[in-house]
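Kindly produce the complete structure, drawing on both the sequences and the hints.
In the order they appear, the protein sequences are chains Y and L.
Taking the working numbering, the leading residue of the first sequence gets 1, the next gets one more, and so forth.
Taking the working numbering, the leading residue of the second sequence gets 1, the next gets one more, and so forth.
Calculated directly from the structure, the hints in this document are not laboratory data.
Take the hints with a grain of salt, since some may be wrong.
[Stated by the list, open to error] Covered by chain L, according to a simulated footprint, are these stretches of chain Y (three or more residues, beta-carbon under 8 angstroms):
(1) 31-41
(2) 78-89
(3) 167-174
Yeah, the Cβ is synthetic: ideal placement off N, Cα and C, and Gly gets one too.
Protein chains: 2
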Amino acid sequence: MLWRDLKAWQVYGANTDVGKTIISTLLCKALARRAPTNGLLYLKPVSTGPDAEADDRHISKYTTGILAKCLKQYSQPLSPHLAAKIDEPNHELNHRAGKLNVADRTLLHKVKDSLDAHQKAGGKYAVLETAGGVLSPGPSGSVQADVYRPLRLPVVLVGDAKLGGVATTISAFESLHLRGYDVQSVLLFDMPRWGNADYLKNYFSQHDIVTLSLPVPPERDADQQRDHDKLAAYYEKVSTSSEVKSTVDLIHQKHFSHISKLTSMPAHAESIVWHPFRQYGLPQNVVAIDSAYEDHFEVYNQETDALVNRAEASSTGLQPLQSAASSGPLLTPLFDASASWWTQGLGHGNPNLALTAAHAAGRYGHVMFANAVHEPALDLCYNLLSTLQNPRLSRVFFTDNGSTGMEVAVKMALRAAATRYEWNNHKGEIGILGLKGSYHGDTIGVMNCSEPSPFNEKVDWYKPWGHWFSPPEVKLVKGQWQVQLPSDESMPREEGPTTLFPSLQAIFDFEAREDDAQFYADYVTRTLTHLTHQQKQKFGALILEPLVMGAGGMIFVDPLFQRTLISTIRANPRIIDPAYEATTSKSTTEDPPTWSGLPIIADEVFTGLYRLGRSSSSSFWNSSAGSSIEADVAPDISCHAKLLTGGLLPLALTTASNSIFNTFVSDSKADALLHGHSYTAHPIGCSVANKSLELMRTISTSTIFNNPVGAITHTPEAHKPSSGQWDGYRQSWSSKPGSDLFSFFSPETLNTISNHQLVNSCFAIGTVLALTLESATSGYNSTAAASLQARLMTTMDEQGRGVHSRVLGDVIYFMTGLETAEEEVRNLERTILKALDGELAASR
Amino acid sequence: MLWRDLKAWQVYGANTDVGKTIISTLLCKALARRAPTNGLLYLKPVSTGPDAEADDRHISKYTTGILAKCLKQYSQPLSPHLAAKIDEPNHELNHRAGKLNVADRTLLHKVKDSLDAHQKAGGKYAVLETAGGVLSPGPSGSVQADVYRPLRLPVVLVGDAKLGGVATTISAFESLHLRGYDVQSVLLFDMPRWGNADYLKNYFSQHDIVTLSLPVPPERDADQQRDHDKLAAYYEKVSTSSEVKSTVDLIHQKHFSHISKLTSMPAHAESIVWHPFRQYGLPQNVVAIDSAYEDHFEVYNQETDALVNRAEASSTGLQPLQSAASSGPLLTPLFDASASWWTQGLGHGNPNLALTAAHAAGRYGHVMFANAVHEPALDLCYNLLSTLQNPRLSRVFFTDNGSTGMEVAVKMALRAAATRYEWNNHKGEIGILGLKGSYHGDTIGVMNCSEPSPFNEKVDWYKPWGHWFSPPEVKLVKGQWQVQLPSDESMPREEGPTTLFPSLQAIFDFEAREDDAQFYADYVTRTLTHLTHQQKQKFGALILEPLVMGAGGMIFVDPLFQRTLISTIRANPRIIDPAYEATTSKSTTEDPPTWSGLPIIADEVFTGLYRLGRSSSSSFWNSSAGSSIEADVAPDISCHAKLLTGGLLPLALTTASNSIFNTFVSDSKADALLHGHSYTAHPIGCSVANKSLELMRTISTSTIFNNPVGAITHTPEAHKPSSGQWDGYRQSWSSKPGSDLFSFFSPETLNTISNHQLVNSCFAIGTVLALTLESATSGYNSTAAASLQARLMTTMDEQGRGVHSRVLGDVIYFMTGLETAEEEVRNLERTILKALDGELAASR
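Here it is as structure tokens:
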């Protein structure tokens with residue numbers, strides 16, 4: 001939370017009994033002098049021990065003109081989680097390390113409300129004092145530094161001046177730091193015998209944190225009045241000392257420099273950053289992200305700020321920074337509805353992932369992977385393969401992102417095909433097969449795997465190399481599920497281009513769709529035979545994004561078409577190379593089978609790893625039950641990135657079957673797959689990926705299904721019970737074990753959306769919801785969805801939170817994290833409907 | 001440190017006064033029962049307070065058959081850094097957070113020696129008890145968890161059972177965890193009033209750590225004998241309790257599972273990993289890296305293990321795991337002399353970088369960068385540009401690795417050239433200019449920027465597109481510096497192919513080499529005119545790796561040749577396009593100048609950011625003084641990765657001038673640079689890069705030069721004093737301000753190496769030393785250097801440490817980190833000479 005006029009800080013203690021309340025009192029007294037009466041709020045969210053000794057009373061007693069408030073006082077002087085249990089026998093402790101629960105959120109809202117109310121009342125300062133140490137449990141059992149993290153108030157850390165206090169103070173700082181807090185100042189008592197102040201001043205200066213020491217308070221006096229007078233004198237003297245004054249100056253200065261930097265970032269970015277996918281000739285509102293937590297960014301939006309605060313400021317004739325009238329929060333929470341380009345899964349600012357990353361950094365940094373192996377990388381190979389449950393796969397290759405992972409996949413496949421079909425003197429003549437609308441990354445090699453599009457047409461070295469089928473698409477139109485044949489009429493059918501289905505599930509009932517399968521198979525055979533026999537074209541791979549083509553515009557492809565493509569090519573190598581004679585029967589008898597027809601590459605970069613609700617999106621090609629992929633449709637090569645690290649940092653894996661791998665084995669170094677980036681298999685990425693796969697498996701596993709969607713893994717610690725977190729979503733879609741098909745977005749909302757006047761069609765699956773809007777122009781250059789997108793930024797929910805989304809031409813899409821709670825999804829749905837209605841009203 | 005037979009643990013306390021010695025005593029008593037007399041070593045490296053109360057005495061008193069030892073006892077019961085100062089008035093405190101000093105290393109060696117001696121004497125167990133809390137300062141002032149990190153002994157953490165102890169215990173765990181320690185077990189006293197044990201059991205179970213509580217020890221008794229008896233009875237009872245027994249069982253089991261996993265990793269990797277650049281048809285020894293610290297890996301080498309331990313084990317008829325005779329450490333420290341593929345700069349396991357990474361993860365995770373900006377990314381743009389000091393550059397584009405960064409550079413340059421020369425209907429016909437031996441990454445687009453080589457010749461889509469000059473090379477041959485014209489005689493010269501120079505500096509004295517420059521300019525003009533005028537070829541970029549071409553075989557290119565290439569092309573746009581008429585004089589009057597002739601791309605991925613001793617390797621093209629790059633030779637585009645994050649994780653930046661950037665500005669989205677990976681500008685990478693650039697600037701800045709090599713940066717906290725860490729290296733090479741030219745490797749050693757019988761030529765610059773060996777076959781497929789490489793793995797220095805290096809055909813190279821101490825470099829030089837002599841002896 002951040003405002004121009006209200007300055008709020010949080011006081012944490014390095015331990016209990018380090019003088020946190022005394023130092024808070026000193027701070028409050030110094031701040032109160034700079035504030036009007038009631039301009040300073042002292043807030044103790046949770047306090048334990050008798051009322052008479054409560055910290056807010058202490059502060060009130062010694063500070064005039066202060067508002068002091070405690071939100072919850074427990075009677076016993078214990079840790080709040082125990083004190084709560086004593087006062088409220090039904091109090092439940094249900095905490096999970098690093099994850100807030102309902103009680104935490106309730107407490108947090110109360111704190112937020114108090115601060116908001118104080119700001120609205122013209123408050124100038126707020127000091128929030130925590131209880132115990134940095135990681136002391138709150139009433140719900142969650143540690144405090146986690147509970148208050150969403151506020152991310154700047155921290156004044158009270159250090160421990162006693163023997164051992166150097167260690168506890170630095171550790172407390174590290175625990176705050178790894179949770180993304182900014183520690184602005186360290187204050188502690190001056191106890192020269194232990195030398196902590198001297199040590200910590202030097203130590204923290206290396207982290208650019210100022211440490212100041214304050215005189216030790218007077219000894220307690222048995223006489224109450226004398227005790228009070230002595231302490232009052234101490235407070236009076238020390239609160240006006242140069243140390244306290246300079247601390248208050250410092251935290252003021254940090255407040256202003258934070259705001260000044262934050263508000264100037266968009267303009268600075270304008271002059272020095274070359275943003276991805278941005279046309280600088282067109283106006284664009286660049287927002288500054290101050291921090292993020294779970295599904296939300298905390299965003300400074302200069303347009304909103306200009307509208308709200310500057311307008312007010314200019315009407316008062318004051319400069320915004322000095323204006324008491326420049327009210328309203330500077331930061332707006334926005335739901336990260338593009339999941340930060342489809343990467344986010346386990347929540348922004350996840351302390352478990354932060355700690356996991358730090359451990360790997362501390363144990364290894366980055367270490368060499370060529371001819372070497374380390375535990376996180378090896379574990380990840382096993383973890384990924386057991387997650388995918390693809391019986392064909394046995395080898396794992398590491399790169400840095402989806403694009404490089406796909407470059408490797410293409411290198412693997414082309415070599416395998418060229419070797420099998422003895423095309424080695426046709427180098428450079430081998431293309432790939434794919435679907436129109438596909439996209440596999442931004443490096444030139446994989447750009448060449450897609451048909452011409454606005455993404456690649458201006459790249460000078462782009463050379464499309466292959467054939468792309470126009471795919472039949474799945475859509476919900478005005479409440480009706482349907483499969484539509486391509487609008488380019490490349491695939492004409494007597495029955496007409498549209499087939500209606502009673503439900504999404506019915507589209508996946510492949511046994512009932514035998515006629516469709518035969519129609520597709522005939523079409524594929526006819527087309528390929530023409531290309532290879534008549535036109536003499538050579539193809540080295542079939543590349544598919546299972547189910548949904550993302551960058552191409554969120555195209556939901558009929559899974560039966562993809563499935564039929566694979567099986568048709570697999571069954572008929574001679575539609576790829578008319579001259580080919582299978583010399584051995586190896587391919588049919590081997591287990592796992594060798595690749596046949598073409599190496600099949602599944603680009604699961606976007607769709608895989610639970611994005612669509614299943615561990616592997618290739619499993620949607622299965623004809624029936626089971627989360628393991630059926631061997632006859634299982635890809636020979638697959639590529640994984642994005643969610644692989646839970647949304648934290650880049651890492652990609654390309655898997656392959658042994659029959660692909662063996663193509664590269666010879667006694668010549670030059671035959672090896674000579675690919676490897678500098679940070680290949682970097683331990684941080686691997687460790688975070690292992691942790692993420694473990695968490696995602698637990699999250700996704702159902703408690704209502706007998707056979708889990710997740711898989712058994714190599715590492716024993718991964719055997720966590722199922723969380724059942726998705727069971728509600730599954731139930732609302734009547735998802736069935738074995739053919740697990742559902743979305744986080746409700747069927748009712750989807751139906752409503754599909755019937756909206758502005759919507760042409762839509763679909764939802766897993767965490768993804770995509771809307772194609774009615775518009776005059778369509779495609780990537782359309783600006784149809786941009787207006788809705790802009791409206792969503794300022795369409796606020798009850799908690800004042802908007803939505804940050806991305807558009808692809810006339811398509812706008814929304815995506816949740818893997819742990820997004822049902823309440824948040826419903827809330828997002830309401831905001832989307834509200835914004836759609838707003839657009840409609842505006843268009844009239 | 002890890003052995004099969006000796007099991008060693010380290011006991012840390014969550015705070016002082018948590019019962020660390022009592023719990024250590026319990027642990028020791030339980031272990032002593034399982035060990036022969038003197039089979040258990042209790043080691044207290046540093047103790048403070050009176051001798052009579054020392055922990056080692058306490059343990060000895062209550063444990064029979066134990067060896068108890070304290071390495072250093074200070075008389076005052078204070079933090080060791082203060083106690084040392086009192087006992088030794090000349091004691092110096094000179095600590096830097098996260099970086100060991102000489103005193104730390106001395107202490108560490110003593111501990112290592114004690115453990116080694118105990119192991120050699122047949123010891124079975126060792127318990128090392130630290131002093132105070134996890135981050136309490138050691139005698140030198142460095143925090144203990146940093147001091148003992150290189151040992152990385154498994155940790156038993158003694159938790160804090162008192163009020164507030166939940167917070168201190170978890171924070172202590174986090175401080176250990178982010179330093180790469182494995183906390184195996186948490187033990188604390190059972191004080192139900194505070195409930196810490198219950199809470200921590202649940203909390204740590206989520207990190208797969210077992211927490212056990214033990215009975216509180218008896219109250220002290222005034223009567224000494226009674227006190228002793230009561231405590232002895234307590235120890236006797238509790239040390240045989242099921243809690244202590246199960247702890248001892250658990251840490252045993254973890255010891256065995258660690259070894260079992262470590263030793264099986266190479267075999268598992270063999271079956272599941274697809275290693276980069278590896279030919280599986282050729283035998284290869286894959287080593288397992290258990291951890292790394294500063295310049296060293298801790299490596300399990302199955303070949304050594306098989307030779308040493310299994311041989312011994314089999315001679316005793318016992319299985320290795322159970323064999324007391326299977327002596328010798330399982331882990332060998334190896335100097336990471338390839339700097340983990342040239343990435344490493346600030347030391348493996350660097351706690352400052354780990355903490356920086358964790359903070360960014362905690363504050364953001366990854367957040368969207370398209371149309372958004374965040375503080376770490378924006379700071380990094382300013383930081384990089386001010387580090388490079390290239391007056392042409394003003395825009396920064398983010399990608400993930402050197403290869404993708406170069407793909408972007410190529411896209412930028414080709415578009416700019418095609419637009420300038422109006423070649424838009426010649427799409428796909430525009431090649432690039434470069435040097436033979438260049439390499440720009442593994443993605444297909446940038447592979448096409450290099451001439452055919454073993455790296456790319458088997459890639460089916462590889463299509464070399466351009467012209468590559470054979471470059472003149474710089475070499476030291478038998479003590480003589482020289483520049484050699486290409487051996488393919490493409491550049492014949494009357495004076496002969498070799499020019500001798502008195503020193504490396506003389507080669508960089510471009511003013512004195514006017515004749516060479518004229519010769520090069522004529523050659524370049526002639527060649528290009530032929531290609532563009534006669535052969536009608538089109539070129540869209542000149543791509544150079546400044547000074548040293550890495551992957552191509554560590555080719556040190558005559559900087560005058562690269563400089564002349566740039567200036568010749570810049571001065572004569574018509575040698576690129578004969579039809580070109582400069583329509584405006586804009587290019588000559590603009591400041592900074594627009595690109596001319598061709599966009600010049602500097603691929604500084606390997607050579608940049610201090611690898612060769614300067615912030616930007618393009619500055620080696622300067623004609624004279626100054627660390628800022630002279631505008632006439634400054635590149636229009638440059639690419640940076642590897643050292644950018646100090647050696648921690650992948651991130652790449654491509655910079656560009658405004659004249660390149662403006663080419664992409666229009667009112668059409670399709671004209672934008674449509675490139676952007678999912679994790680573009682990930683905050684962890686940006687934060688770590690900012691920290692690294694700050695540290696590298698401080699490290700590299702000279703205290704002997706007036707004008708610093710580093711640059712002034714945007715962020716105020718970067719204004720650290722110069723460290724002068726490199727001044728010794730500079731002095732040994734008589735490096736001059738403004739033309740800073742030196743190596744970490746000494747001129748004397750280089751001279752000796754160049755005169756070695758097995759060495760054909762060599763060079764050293766910055767942190768790099770490269771040797772071309774005499775061999776029958778040469779090039780990438782040569783195995784000449786492999787034998788020396790293998791020998792280096794087992795050529796041990798006085799501390800039993802070998803060298804892990806990489807070879808490129810007949811070239812073997814060595815690289816230090818940026819903070820590698822002179823003593824370590826000299827040590828590495830001695831090992832290299834020893835191994836060379838060993839090879840020579842073996843060859844006779």
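A quick look at each hint next to the structure:
| no. | hint | result |
| --- | --- | --- |
| 1 | 31-41 | violated (count 0) |
| 2 | 78-89 | holds (count 4) |
| 3 | 167-174 | holds (count 6) |
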